[in-house]
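Quick note, the sequence shown lines up with residues 1 to 129 if you use full-length UniProt numbering.
Because the hints were derived from the structure by calculation, they are not lab data. Among these hints, one or two may not hold up.
[Said to hold, decoys possible] Under the rule of at most 20 Å between Cα atoms (straight-line distance), these lysine to any residue pairs were calculated in the SDA-like manner:
{"no.": "1", "residue 1": "Lys128", "residue 2": "Gln36"}
{"no.": "2", "residue 1": "Lys129", "residue 2": "Lys27"}
{"no.": "3", "residue 1": "Lys43", "residue 2": "Thr112"}
{"no.": "4", "residue 1": "Lys27", "residue 2": "Asn38"}
{"no.": "5", "residue 1": "Lys128", "residue 2": "Gln26"}
Source: prediction; values computed, not measured.
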Amino acid sequence: MAYKIHKTEEEWKAQLGLEKYKILRQKGTEFPHTGQYNLHFEKGKYGCAACGEVLFESDSKFDAHCGWPSFDQSIPGKVEYIKDASHGMIRTEILCATCGSHLGHVFDDGPTETGVRYCVNSLSIDFKK
């Protein structure tokens, strides 16, 4: 997909630092129950930590007891969905549709009306009140 924001990997690494770079650009995963937004429930918006594009509203956030921030929907058009067959399983990876940065995965096991659970790395998002 052609993204609105283009940077070299060296530019991303310099901007993000090694920890965020590993998650956002190399498709890493933070350890469960360690992220600052896992149990964070203030009202506001969650944006991509790489480009700032708003991806999720706080009203869609819930505690899935999985160890990562969970949302039951994204803002339409802000998230890209890619089939992920890594690690011996089939999942749907979610990326920022503006810059292509890895956010996490989405699953069809959500407990809310939408039936989905966006499982997102805290390091891949920033919060604004």
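Hints and how they fare:
1. Lys128 to Gln36: With a Cα-Cα distance of about 13 Å, the restraint between Lys128 and Gln36 holds, given a limit of 20 Å.
2. Lys129 to Lys27: 27 Å, violated
3. Lys43 to Thr112: 19 Å, holds
4. Lys27 to Asn38: The hint holds at about 18 Å.
5. Lys128 to Gln26: 25 Å, violated
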